[in-house]
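The sequence shown runs 1 to 424 under the UniProt record's numbering.
By construction, these hints were calculated from the structure, which means they are not laboratory data. Computed from a prediction, not measured in an experiment: that's the story for all the values here. There are no misleading hints in this set.
Derived pair list, reagent style PhoX-like, types lysine-lysine, alpha-carbon separation capped at 20 Å:
1. K321 to K310
2. K310 to K359
3. K116 to K87
4. K401 to K116
5. K170 to K116
6. K310 to K323
7. K378 to K424
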Amino acid sequence: MDPSYQKVTPILPYTNIILNNTGKFYRKIGDEVIQENNLCVLILCGGQGTRLGSADPKGCYVLPDINHSIFSIHMQQISSLGKIYSKEILLLVMVSEFTDHKTEEYFKVNQYFGLKRENIVFFKQESCICKDFNENPYFIDEKNFARSPNGNGGLFKAMKDNDIFSILRKRNIEFVNVTSVDNVLARVLDPIMIGCYKHHKFDVLSKSVDRLQNENVGIFVMKDQKIIIKEYSEVNVDGLKDGETQTTTTSTSNSSSANSSITEITSESSFSSTFGENPFQANICNHIFSVNFMENISNKTLPIHRAVKKIPYFEDGKIIKPKEPNGFKDEYFIFDCFVFSNNCGVMNVPRLLEFSPLKNGYDKTTDNPRTCVDDISKRSRLYMEKSGAKIVNCRIFVLPKTSVFGENLERFQGKTFKKDEVLK
1 MDPSYQKVTP ILPYTNIILN NTGKFYRKIG DEVIQENNLC VLILCGGQGT RLGSADPKGC
61 YVLPDINHSI FSIHMQQISS LGKIYSKEIL LLVMVSEFTD HKTEEYFKVN QYFGLKRENI
121 VFFKQESCIC KDFNENPYFI DEKNFARSPN GNGGLFKAMK DNDIFSILRK RNIEFVNVTS
181 VDNVLARVLD PIMIGCYKHH KFDVLSKSVD RLQNENVGIF VMKDQKIIIK EYSEVNVDGL
241 KDGETQTTTT STSNSSSANS SITEITSESS FSSTFGENPF QANICNHIFS VNFMENISNK
301 TLPIHRAVKK IPYFEDGKII KPKEPNGFKD EYFIFDCFVF SNNCGVMNVP RLLEFSPLKN
361 GYDKTTDNPR TCVDDISKRS RLYMEKSGAK IVNCRIFVLP KTSVFGENLE RFQGKTFKKD
421 EVLK
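Take the sequences, apply the hints, and build the full model.
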């Protein structure tokens with residue numbers, strides 16, 4: 001089947017673009033690109049684990065039951081991919097003034113998770129001053145303003161200010177896979193995605209998942225012939241025309257992994273995307289950018305978004321922690337660069353395989369440490385049952401150091417698991 005797009009218009013004047021079932025075609029291209037090019041992953045790590053009850057970088061958070069930090073999971077994947085592809089992968093880690101020292105120390109203490117130090121580059125994004133509703137700055141002590149990271153859209157200027165583009169040019173790197181640290185199922189350097197990106201000559205290609213009901217995520221829409229991301233609450237669902245949500249398309253093989261062992265796992269029978277009641281694609285912050293496009297954006301001015309927040313502040317010799325929102329935090333969003341692209345794409349992937357964000361503490365029922373661990377277990381079960389193992393009333397955890405895409409699990413064929421286990 002020739003690669004093509006199936007266009008769905010759930011809300012006028014917006015268009016939701018989904019890739020058709022062309023995963024094998026893209027994978028062949030992606031495998032060739034991987035062998036012919038140097039590879040780079042960039043992880044956005046500017047946030048702290050405040051909602052998790054920790055002042056440490058979110059990546060340092062250790063997930064229950066598996067007893068591995070989020071950083072450990074991501075680094076295992078990069079290390080394993082380096083072995084699968086026989087490549088040294090450049091890792092860029094964007095930190096903030098609130099996470100820089102602790103992140104670098106965490107990597108050092110953990111011996112850089114087995115990666116070569118010369119292949120890891122830490123660089124810092126800027127911060128913005130927090131203000132009250134009258135535009136007055138808050139102080140965090142007697143002399144210093146209260147500040148916060150300037151959002152993931154601060155990436156491009158931070159790359160420019162820290163001379164990251166020179167590093168990329170010296171290493172002959174043409175594209176960068178950017179992802180957020182808080183997605184514990186994030187798949188990077190996926191050959192299907194790389195092949196799709198290369199074939200269509202995209203400036204930027206993003207992964208999406210089907211949005212769940214009541215899920216607070218940004219969604220991909222088309223406006224003025226440009227792909228953008230808007231908050232779901234900003235889109236008029238009642239604007240749907242009759243018949244515009246009746247399209248059914250497969251959103252699976254384009255998300256298949258580098259290893260053929262899970263081709264059937266991501267087959268049409270396993271996953272399909274029906275555009276009925278909820279025809280929207282959620283942003284999961286997994287993008288491939290061309291380096292040229294990123295450098296171009298570093299010279300652009302992105303819009304500022306004002307988030308209403310509860311901002312701790314210094315008053316009368318002590319820190320006050322408000323119970324209600326009391327001001328603004330200014331942020332830039334990475335997806336605001338899409339409007340500058342003449343060729344931007346979206347690739348739908350299975351949530352079960354690729355998206356489980358850690359956003360909340362145990363006080364919330366979604367996107368918390370427990371749901372993340374459960375999702376790792378669900379994906380692991382899929383891999384293991386595909387390999388021929390039996391899982392009986394227990395949870396098995398396949399971490400990336402053991403298998404990234406479901407590969408190398410043949411040794412478990414015929415084995416029965418009856419108690420929880422993290423596979424070695």
